[in-house]
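Colleague: Single-letter residue listing:
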Amino acid sequence: GENVEQHPSTLSVQEGDSAVIKCTYSDSASNYFPWYKQELGKGPQLIIDIRSNVGEKKDQRIAVTLNKTAKHFSLHITETQPEDSAVYFCAAWEADMRFGAGTRLTVKP
Amino acid sequence: EAQVTQNPRYLITVTGKKLTVTCSQNMNHEYMSWYRQDPGLGLRQIYYSMNVEVTDKGDVPEGYKVSRKEKRNFPLILESPSPNQTSLYFCASSFSADTQYFGPGTRLTVL
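Protein chains in written order, with this note's numbering: chain A, 1 to 109; chain B, 1 to 111.
Fair warning: there could be bad hints in the mix.
Stated by the list, open to error - Below, simulated EDC-like cross-link-like pairs (lysine to aspartate or glutamate); rule was C-alpha separation at most 16 Å, straight line:
(1) A:Lys-37 x A:Asp-59
(2) A:Lys-42 x B:Asp-38
(3) B:Lys-18 x B:Asp-59
(4) A:Lys-71 x A:Asp-27
(5) A:Lys-68 x A:Glu-56
(6) B:Lys-57 x A:Asp-96
Simulated from the structure, these hints should not be mistaken for laboratory data.
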């Protein structure tokens, strides 16, 4: 079955810097890759997603890139703000959804 | 407001005492799912349902039951809870099983 690995597990950046979180997946048939943000005491919230027919997608300060050949995808957050502090999960979908273990992002003011 | 709701949000119980966590969505989604979240393990799927009266096991179904008698509700049942089921539980729903929307979570402690 699908296996998703996510790195790093923790990430600390200064406000205004960029943050990058990387995920790799094992099943080449996976075709949908969402990213979720989970704030303390809340459920995961979808922030951006990408399908396998697209290499990059951007939404304001957030972007996701997908390399199907290498089977990895990344979340890029530019101009980070303290409210970006949260746990971020990547996931890969083929017949079911497999999640990475999560990255705790801390943005220091 | 489009949402997934779960009840209760917090629950402390004892080993062996049957409990039910309810999940309801108002988006007319056909797909619903239950996950548990444990530190360092991310989200693992317990059960899912593609439609009314259709349920299937996920990765960690042991010790859990579900039912899908109506489209909007998907309760999670623990017939005889054990301490290893202490976890944070999330219900999710989706039109097509890929783009999933999560509820706020239920923190369960089994003593």
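Colleague: What are the numbers of the hints that this structure violates, sorted from low to high?
Modeller: Of the numbered hints, just 3 does not hold.
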